[in-house]
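Q: If you count by the numbering used here, then the sequence shown holds residues 861 to 1318, one letter each, in order.
Calculated directly from the structure, the hints in this document are not laboratory data.
Where hints are given, some of them may not hold.
Here are the simulated lysine to aspartate or glutamate pairs, EDC-like style, with alpha carbons at most 20 Å apart [as the list claims (entries may be wrong)]:
1. K1234 - D1120
2. K1165 - D1194
3. K1234 - E1197
Ranges of calculated distance between the beta carbons of each label pair, as one might list FRET restraints [what the hints assert, rightly or not]:
4. V1141 - T1235: 35 to 43 Å
5. N1063 - K1140: 39 to 47 Å
6. A1219 - F1088: 51 to 59 Å
7. N1241 - S1171: 26 to 34 Å
8. D1015 - G1259: 39 to 47 Å
9. S1307 - D1194: 40 to 48 Å
10. D1068 - V1220: 45 to 53 Å
11. S1171 - N974: 30 to 38 Å
12. Q939 - D1091: 16 to 24 Å
13. G1029 - N1295: 24 to 32 Å
14. A1219 - D1194: 34 to 42 Å
15. D927 - K1196: 27 to 35 Å
16. C1075 - N975: 28 to 36 Å
Note that the Cβ used here is the ideal one computed from N, Cα and C, for glycine as well.
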Amino acid sequence: MKLFIIICFTLFLIGCGGGGSDDTPAQPDANNAQTNLPAETISINLLEAPLASSQIPLVVILVDFNDIKISQAQTSWSQQLFGIAQGQLNNYFLEVSQNTFSFSPALETGGDSNNDGIIQVDLGVNHPNPSPTFPDNGIGNFDTDIAIPALSIADANINFSAFDTNTNGIIEQNELQIMFITAGGEQATGLMPGIWAHQSCINGQNFDSVSIMQCGSGTYTVFGERHFYFDARGNYASIGIMAHELGHGAFLLPDLYDTDGSSEGIGGFGLMGSGSWGLKVNEDPGATPVHMSAWSKFQSGFLIKSDINISSNNILITETEQLGHQVLRINTQDTKEYFLIENRSKYGYDAGLFMLDHAVFNGGLAIWHIDESKTTNQNENNKLVDLEEADGFHLDTAGNQGNRTNLFYAGNISPTYTGVLTPISTPANTNLYNNTSTNISISNISSSGSIMHIDLHL
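Kindly produce the complete structure, drawing on both the sequences and the hints.
A: Rendered as structure tokens:
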């Protein structure tokens, strides 16, 4: 019997969650399973993904102060955010979404060019951080010191009510995204005076007869313009840090790093972990953010569920960079716990996994253990999204954001790599968090490549 799984891709945009603030993570300076199944291939019919079928308007407000000004030209910011060339924000989202999603420049009349999504304002005060009202977490009273005054000035150049497509009087997260880029430093890279990049919301803000940034419906994102240095050694805010915060703002994704600092969460293996700081050789951190984890892509609507519920040999898995790539889901007896398997590519934005070992990333299988009874990755002993590390528990401690050998592939040189994932394998296994066996065994894992294969026994 051959099982044909047709993978289709569609985008579902969901309503916004609650308030609070989501911060960018600081920049990071065996037992052999045998099956007697016949050789049987699960074939995946790949459908060509459509051109971008969904967009969210984005308005970017550049904020000047008396003592420090935005240094990059408005046209350059517009290209970095809305361009589709390699290394530009929309290019990243097109790749991770299977060409189904991008941001569109919001209609506005401010700045050097109308309708390029960029408005520049001058607050007429000095940069407020550090100051008594702007404590050294880089967030402080951002709403009253920067966001609300900047919006009051920008309002002359944008009609917020035009974005209320469902006419409910509230600008929701899928109707308009609001981004601030403040002159000065990005405190997540240690540069002061600066703002720590974050995503949040503000209640009670009404412009053009609609409520914007309202908690539970809308959000804003903010970034400091310069990273590391104000001179030629520094760089402008990367697309990685922006994509991470827009992951919160546009798709309501949670942080997948450990926000209490006791471990690394998913480490560098996803945008919502420290993968926002991905880079290739000779690049600045964040220039090549890595792909979202498979779970984040499902939550964002970039993939649809593809359950595997029969034992089979030679299951083929194409790499994340390819249009039409698939992710396998293996359910367990617990409806909240399941496994996702994806083939991480050495091409496209996953080349940013060079960040792990500062050596060329050659790909491999990421096998994720998901527990949707959890909402965060704060507890390293029971995470919402956990990478089953092929060679240890590096991500469960602080200070190691991952290694290439954490993935599964034939030829993994780690001395603890066994080449299988089963209920009795070590260091990782397929048991539930309560240590109940799932009877799931994954073996015969191929070398890394554009198409990898596994044997699955359920």
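Q: With reference to the structure, classify each hint as holding or not holding.
A: We went through each hint and held it up to the structure:
1. K1234 - D1120: holds, 15 Å
2. K1165 - D1194: Between K1165 and D1194 the Cα gap is close to 17 Å, so the pair holds against 20 Å.
3. K1234 - E1197: Between K1234 and E1197 the Cα gap is close to 10 Å, so the pair holds against 20 Å.
4. V1141 - T1235: 35 to 43 Å: Because 37 Å falls inside the window, the suggested range holds.
5. N1063 - K1140: 39 to 47 Å: About 41 Å separates the Cβ atoms of N1063 and K1140, which means 39 to 47 Å holds.
6. A1219 - F1088: 51 to 59 Å: violated, 23 Å
7. N1241 - S1171: 26 to 34 Å: Check passed, 30 Å falls within 26 to 34 Å.
8. D1015 - G1259: 39 to 47 Å: holds, 45 Å
9. S1307 - D1194: 40 to 48 Å: For D1194 against S1307, whose Cβ atoms are near 32 Å apart, the range 40 to 48 Å is violated.
10. D1068 - V1220: 45 to 53 Å: Because 51 Å falls inside the window, the suggested range holds.
11. S1171 - N974: 30 to 38 Å: Once the Cβ atoms are compared, 60 Å apart, the range 30 to 38 Å for N974 and S1171 is violated.
12. Q939 - D1091: 16 to 24 Å: Holds - the Cβ-Cβ distance for Q939 and D1091, about 23 Å, lies within 16 to 24 Å.
13. G1029 - N1295: 24 to 32 Å: At 51 Å between Cβs, range violated.
14. A1219 - D1194: 34 to 42 Å: holds, 38 Å
15. D927 - K1196: 27 to 35 Å: About 52 Å separates the Cβ atoms of D927 and K1196, which means 27 to 35 Å is violated.
16. C1075 - N975: 28 to 36 Å: holds, 29 Å
Taken one by one, the earlier hints fail for this structure at numbers 6, 9, 11, 13, 15, listed in ascending order.
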